[in-house]
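J.: Let the sequences and hints guide you as you build the complete structure.
Protein chains: 4
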Amino acid sequence: MDVVVVVGNPKLGSRTRRAAEMVAERLTGAPPVAGVELAELGPALLGWGSPEVEAAKDTVKAADLVLFASPTFKATYSGLLKLFLDQFAAGELAAKPAVALMLGAGPQHALAGEHTLKPVLSEIGCSCPAPALYLLESAWESSPELETWLVRAAAAHGLPAPGRP
Amino acid sequence: MDVVVVVGNPKLGSRTRRAAEMVAERLTGAPPVAGVELAELGPALLGWGSPEVEAAKDTVKAADLVLFASPTFKATYSGLLKLFLDQFAAGELAAKPAVALMLGAGPQHALAGEHTLKPVLSEIGCSCPAPALYLLESAWESSPELETWLVRAAAAHGLPAPGRP
Amino acid sequence: MDVVVVVGNPKLGSRTRRAAEMVAERLTGAPPVAGVELAELGPALLGWGSPEVEAAKDTVKAADLVLFASPTFKATYSGLLKLFLDQFAAGELAAKPAVALMLGAGPQHALAGEHTLKPVLSEIGCSCPAPALYLLESAWESSPELETWLVRAAAAHGLPAPGRP
Amino acid sequence: MDVVVVVGNPKLGSRTRRAAEMVAERLTGAPPVAGVELAELGPALLGWGSPEVEAAKDTVKAADLVLFASPTFKATYSGLLKLFLDQFAAGELAAKPAVALMLGAGPQHALAGEHTLKPVLSEIGCSCPAPALYLLESAWESSPELETWLVRAAAAHGLPAPGRP
Chain A
105 MDVVVVVGNP
115 KLGSRTRRAA
125 EMVAERLTGA
135 PPVAGVELAE
145 LGPALLGWGS
155 PEVEAAKDTV
165 KAADLVLFAS
175 PTFKATYSGL
185 LKLFLDQFAA
195 GELAAKPAVA
205 LMLGAGPQHA
215 LAGEHTLKPV
225 LSEIGCSCPA
235 PALYLLESAW
245 ESSPELETWL
255 VRAAAAHGLP
265 APGRP
Chain B
105 MDVVVVVGNP
115 KLGSRTRRAA
125 EMVAERLTGA
135 PPVAGVELAE
145 LGPALLGWGS
155 PEVEAAKDTV
165 KAADLVLFAS
175 PTFKATYSGL
185 LKLFLDQFAA
195 GELAAKPAVA
205 LMLGAGPQHA
215 LAGEHTLKPV
225 LSEIGCSCPA
235 PALYLLESAW
245 ESSPELETWL
255 VRAAAAHGLP
265 APGRP
Chain C
105 MDVVVVVGNP
115 KLGSRTRRAA
125 EMVAERLTGA
135 PPVAGVELAE
145 LGPALLGWGS
155 PEVEAAKDTV
165 KAADLVLFAS
175 PTFKATYSGL
185 LKLFLDQFAA
195 GELAAKPAVA
205 LMLGAGPQHA
215 LAGEHTLKPV
225 LSEIGCSCPA
235 PALYLLESAW
245 ESSPELETWL
255 VRAAAAHGLP
265 APGRP
Chain D
105 MDVVVVVGNP
115 KLGSRTRRAA
125 EMVAERLTGA
135 PPVAGVELAE
145 LGPALLGWGS
155 PEVEAAKDTV
165 KAADLVLFAS
175 PTFKATYSGL
185 LKLFLDQFAA
195 GELAAKPAVA
205 LMLGAGPQHA
215 LAGEHTLKPV
225 LSEIGCSCPA
235 PALYLLESAW
245 ESSPELETWL
255 VRAAAAHGLP
265 APGRP
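Chains as they are written, first to last, in the numbering used here: chain A, 105 to 269; chain B, 105 to 269; chain C, 105 to 269; chain D, 105 to 269.
Rather than coming from a laboratory, the hints here were simulated on the basis of the structure.
Hints may be right or wrong, so weigh each one.
One copy or two, either will do: identical chains are not told apart, so a pair holds if it fits within one copy or between any two.
Derived SDA-like pairs (lysine to any residue); straight-line CA-CA distance at most 20 angstroms [said to hold, decoys possible]:
1) K200 with T252
2) K200 with A159
3) K161 with L145
4) K115 with F192
5) K165 with S118
6) K200 with E245
7) K115 with A193
T.: Right under this line is the structure:
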């Protein structure tokens, strides 16, 4: 299963990226085959049809599972991530299995993924059978919420139950 | 595949119910094995632990796929449906495949299922890989939106592409 | 200023009610002139046009400010509260100033009021200039979040800044 | 009353801008004192602390009322608008009266403003007492929805009822 992570943090090499890679590997048993760092695309995301952006879209389209990861800005996903999602047509990702992951400073924004990121992913065609995952920035590497989520997400995606790390 | 429909319309034998049965059959190729008319449960839904409510929950839990259907009241699902969903514990439906269906008087509430019903279904444990389906009350039997949705929902649920009616 | 609290907890005399009364008094400087305990209306809420329900609606309509309070069930407001809100027509409350209050067991549902309760109140015509307030059940009587919210809510409603309790 | 419009359309001189200016003038009786075209800020929005962005923020902060306008992309506001909103701290706009306006191609996304734009505006401190306004791109200049909204929005903002155009 080829997993691709899309990282919507304006800072390269962020905890968002490391968390996305960890979750992808814990969920599927293998590291992601590619990571799309939206911060590298920069101003190309402000227009339409850039070759670099098209290449990033192709990477996403070729995946078996896409993990979209964002820091929590203003109680929702980052503007940087939305710029990239805006590059897809409605339904373009045609039932592509996807996971919504958000990292936040405190627990009070835990519903952001379910209420804001998953509806946008659905609009561009993704299938998100698992709940959105919300991890505290200060505890993204291990938390009871993560373990509970992995069991349910594996079941929702038809994957074997993940082992302990 | 055993499909159960849950109908959150206060009126028995509503278009909501007929639409739910039609969608269930179009999506899976067979009529639902059971229909839970929440209007029949009535005041039992205002408390906790009624035997009739427990039986309805068991019907839901035994299904392979559950279609939750509601009329659109105040731009979201009905209070009657929420009374029933409140009877489940968080996560109780453990990755149960589910579909969110809403019927409304006009197109302007089309996002209600995605933004309001799917998050609640997710909270009680359902997997909703397909977009929420929104049908106009006046055109629930046939619409281009329905045909488009059936193709995508079948793919999302791992079902064969539905035939024409 | 006549404040009315509407309480969507199925249990009479709940913390939801006490918190609603406290918030109403802290925000406006006077206790509520009336409290609508939806649990007392019971099965009358399952139909349309009951005299008791109409009287409760009249109480709401006569208020200068309405505080709608709900426990958090399944990451959103209770089905009981929604039954009552369903009794209003779209826009019926014609720019009535209102506050959304939710009590929950943990901080992870803090966005529920903003994403789920305020949109429904808006649909029935309420003006909700302040953020939804979310209080932990275990700390509803005093919390830093409450004090911060009171300052902002008073400004949003054009009221004098509340004093300390 | 000094009104400022913030325009989140990547295209300069868009219908989004013209609609925002028209709504601002219809609601308050005077044209906006300033318009912030986010498309002019471009790559400065991808980082933090740019002088041009700070100047735009100051324009917003000096207003009596801010109208945030966006095209509907992927059933929600544009990534460009979110980049700008991300530049504000939580609560920074301290009870600033604001209006959420979205233009879309069809009626089916009419709930987007209420469910996605208003919660973000609330997070950065805005007071949005009126419903979000959603206008069809093809009918932004005149529609029954607009007239109905103007009456309610004026009441919600404590403004005189707007005259006919």
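J.: Hints first: check each against the structure and report whether it holds.
T.: Checked hints:
1. In the homo-oligomer, the alpha carbons of K200 and T252 lie at most 20 angstroms apart only across protomers (16 angstroms), although the nearest pairing inside one protomer, at 23 angstroms, exceeds that limit.
2. Taking the shortest Cα distances, K200 and A159 sit within 20 angstroms of each other inside one copy (17 angstroms), while across copies they are farther apart (36 angstroms).
3. In this homomeric assembly, K161 and L145 come within 20 angstroms of each other (Cα to Cα) only inside a single copy, at 12 angstroms, whereas the closest approach across copies is 25 angstroms.
4. Proximity of K115 and F192 under a CA criterion of 20 angstroms is satisfied inter-copy only: 18 angstroms between copies versus 23 angstroms inside one chain copy.
5. For a Cα distance limit of 20 angstroms, the shortest separation of K165 from S118 qualifies neither inside one copy, at 24 angstroms, nor across copies, at 31 angstroms.
6. In this assembly of identical chains, the alpha carbons of K200 and E245 never lie at most 20 angstroms apart, being 26 angstroms within a copy and 28 angstroms across copies at closest.
7. Taking the shortest Cα distances, K115 and A193 sit within 20 angstroms of each other only across copies (18 angstroms), while inside one copy they are farther apart (26 angstroms).
The structure fails to meet hints 5 and 6 from the earlier list, while all remaining hints are met.
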